[in-house]
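Sequence lines, in order, name chains Y and E.
Those letters in the first sequence? Residues 52 to 535, by my numbering.
Those letters in the second sequence? Residues 352 to 453, by my numbering.
Please note that the accuracy of each hint is not assured.
[What the hints assert, rightly or not] Pair by pair, the computed Cβ-Cβ distance ranges are:
1. Y:512 to E:370: 28 to 36 Å
2. Y:494 to E:364: 53 to 61 Å
3. Y:117 to E:434: 42 to 50 Å
4. E:377 to Y:491: 31 to 39 Å
5. E:377 to Y:267: 27 to 35 Å
Honestly, the hints are just simulated from the structure, not real lab data.
C-beta atoms are modelled at their ideal positions from N, C-alpha and C, and glycine is treated no differently.
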Amino acid sequence: MRETDLVIVGAGAAGLSAASEAAKHGLSVTVLDDNLLPGGQYFRRLPTSYRHTKETVFDKERARADALYATTGQKGVTYLNDAVVWEAPEDGVLAFARGADSGRIRAKLTIIASGAHDRPAPFPGWTLPGVVTAGGLQNLLKGQRVIPGRRAVVAGNGPLVLLVGATLARAGAELREVVEAAPILKRLAGSIADLLAMPKIVRQAADYRLAIMKSGAKLRTGWTVIEARGANELEEVVLAPIDEAGKVNRSRSRTVKADLLVVGFGLMPSIEMVRLMDCKLEWKPLRGGWVPVRGANFETSRPGVLAVGDGAGIGGVEMALREGKLAGVIAAERLGKLSRDQAASLKAPIQSEIAKVETFRRGLERLYAMPPAFLDLLTPETIVCRCEDVTAGELRARQDAGFGSTAALKGTTRTTMGRCQGRNCLRTLLALIAQASGQPIDQVMMPRPRLPARLVTIGDLLQEELPPIEMPKDPHLPRGEQVS
Amino acid sequence: MTGFRITDGIDRGTAFQFTCDGEAVTAYPGESIAAALMAAGHRRTRVSARSQMSRGLYCGMGVCWECIMVVDGKPAVRACMTPAEPGMKVQTQHGVGPGDGA
Numbered sequence: 052m053r054e055t056d057l058v059i060v061g062a063g064a065a066g067l068s069a070a071s072e073a074a075k076h077g078l079s080v081t082v083l084d085d086n087l088l089p090g091g092q093y094f095r096r097l098p099t100s101y102r103h104t105k106e107t108v109f110d111k112e113r114a115r116a117d118a119l120y121a122t123t124g125q126k127g128v129t130y131l132n133d134a135v136v137w138e139a140p141e142d143g144v145l146a147f148a149r150g151a152d153s154g155r156i157r158a159k160l161t162i163i164a165s166g167a168h169d170r171p172a173p174f175p176g177w178t179l180p181g182v183v184t185a186g187g188l189q190n191l192l193k194g195q196r197v198i199p200g201r202r203a204v205v206a207g208n209g210p211l212v213l214l215v216g217a218t219l220a221r222a223g224a225e226l227r228e229v230v231e232a233a234p235i236l237k238r239l240a241g242s243i244a245d246l247l248a249m250p251k252i253v254r255q256a257a258d259y260r261l262a263i264m265k266s267g268a269k270l271r272t273g274w275t276v277i278e279a280r281g282a283n284e285l286e287e288v289v290l291a292p293i294d295e296a297g298k299v300n301r302s303r304s305r306t307v308k309a310d311l312l313v314v315g316f317g318l319m320p321s322i323e324m325v326r327l328m329d330c331k332l333e334w335k336p337l338r339g340g341w342v343p344v345r346g347a348n349f350e351t352s353r354p355g356v357l358a359v360g361d362g363a364g365i366g367g368v369e370m371a372l373r374e375g376k377l378a379g380v381i382a383a384e385r386l387g388k389l390s391r392d393q394a395a396s397l398k399a400p401i402q403s404e405i406a407k408v409e410t411f412r413r414g415l416e417r418l419y420a421m422p423p424a425f426l427d428l429l430t431p432e433t434i435v436c437r438c439e440d441v442t443a444g445e446l447r448a449r450q451d452a453g454f455g456s457t458a459a460l461k462g463t464t465r466t467t468m469g470r471c472q473g474r475n476c477l478r479t480l481l482a483l484i485a486q487a488s489g490q491p492i493d494q495v496m497m498p499r500p501r502l503p504a505r506l507v508t509i510g511d512l513l514q515e516e517l518p519p520i521e522m523p524k525d526p527h528l529p530r531g532e533q534v535s
Numbered sequence: 352m353t354g355f356r357i358t359d360g361i362d363r364g365t366a367f368q369f370t371c372d373g374e375a376v377t378a379y380p381g382e383s384i385a386a387a388l389m390a391a392g393h394r395r396t397r398v399s400a401r402s403q404m405s406r407g408l409y410c411g412m413g414v415c416w417e418c419i420m421v422v423d424g425k426p427a428v429r430a431c432m433t434p435a436e437p438g439m440k441v442q443t444q445h446g447v448g449p450g451d452g453a
């Protein structure tokens, strides 16, 4: 089994910052990344064989990105790409699939920096080819410099809407409409004081808006997508105004021809590993939903397991970079590489920067807060579970027939049981149950976390040499209750 | 209608070809199968098992498994996470892939 002082799951902004800082203070650090190249989503890297011939508007983050990528070659850092962490078999041990190199790693401390993905946003037609997430669009831009359509509409809620609109405008797409569900222009005056804690981001947002306006696209606030239409691919998008309670006004809807619809209704933390490790969770809707409970020093309810960055609650890239760095200092202190005083003086400036980002986040949350309106958009034919092709109508029929619980709906329809392991449908399923039962969504029972945390092949798992398994005498009884 | 590559500021190196459902597709070293297909205007990656619905790239980060295709005979390969290679044989995935009785 591999051994390391500190193991970090994820090589995005938070994971790489933590690795760099911890290694700087003398820890041996192993970073497990399920991507081929480091950087995570925000700092997604172009193929290493691509050459920059000049700086463009898409290269503004290059210096920060290059510094993060360099972490993988830093002294004390072992970077394992294409490594899928799928299980935490015992305290301090993680199992990962990595082809012939699949195996386990034992660490004195664990940092989960698993990042986030787009929150599923079901509406009629959302499964058509040509409908992509905001995160996906940005990844294609950053990692491939490819735009997956030509005539584009952007719809969503949150800061990514303006960013994606600007991306498409600057890339030369025929940008038609950019619609933000929250009435952010009306709310701006009430948020601007907090937002100015990060003046650079405010300036960026203004630039994004300008790029969208210059492209000739219509920018609407207080509007949303209500339907995507097309035979086998996206052909048109239906947009409608939405009031502050989230109610859609269909009588004023507009239909726009488009072959690309980018939807971005916020991000959700990737919590599969903290769930599998049985870390306590709490419901924080403004941070993306279920997040691990963290004590002082980012520690989860499992001793020795820290969680940082978007995977611990959506805070954005500026938060993730700083939380990661702070976690690196915390790890070095805990493992005796820094005295308390040394650590305190390193922590103070990072903590004051984090306080600024938090002020900014509060402004952002006030600006963009929207009640989710998706359940009103679902028709009986709308797909809820993409992997298993389960519709809203099927789920509601089961609910009417008395199959009201998460387990019953899962067991009778296979919702959440497909390849994405519920990442695209669990949130909607919980919302449907909350609606039918009148419970708040955080009271609806989550399905039990199951192995593997992410899909792995049997072939990978067979690569690992394990000690012979001690078979229980009675396979029906748990290990602790075996009679000899 | 079709997607496109941003060429300004980037030298991608020497292009090569692979096939998708028998048709030639241009790609560059390191480019994902999904990116090359998008740039070629090919957006349907699979047909779903239960309802035979067309699906394509959605999350773009390996989470949703909507862009899975049959690559050199192997089903359920994520086009967004897999670099294209010269001569690769990529096919639209029907249901769970080869042997699905389709």
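We went through each hint and held it up to the structure:
no.: 1; hint: Y:512 to E:370: 28 to 36 Å; verdict: holds, 32 Å
no.: 2; hint: Y:494 to E:364: 53 to 61 Å; verdict: holds, 55 Å
no.: 3; hint: Y:117 to E:434: 42 to 50 Å; verdict: violated, 21 Å
no.: 4; hint: E:377 to Y:491: 31 to 39 Å; verdict: violated, 52 Å
no.: 5; hint: E:377 to Y:267: 27 to 35 Å; verdict: holds, 31 Å
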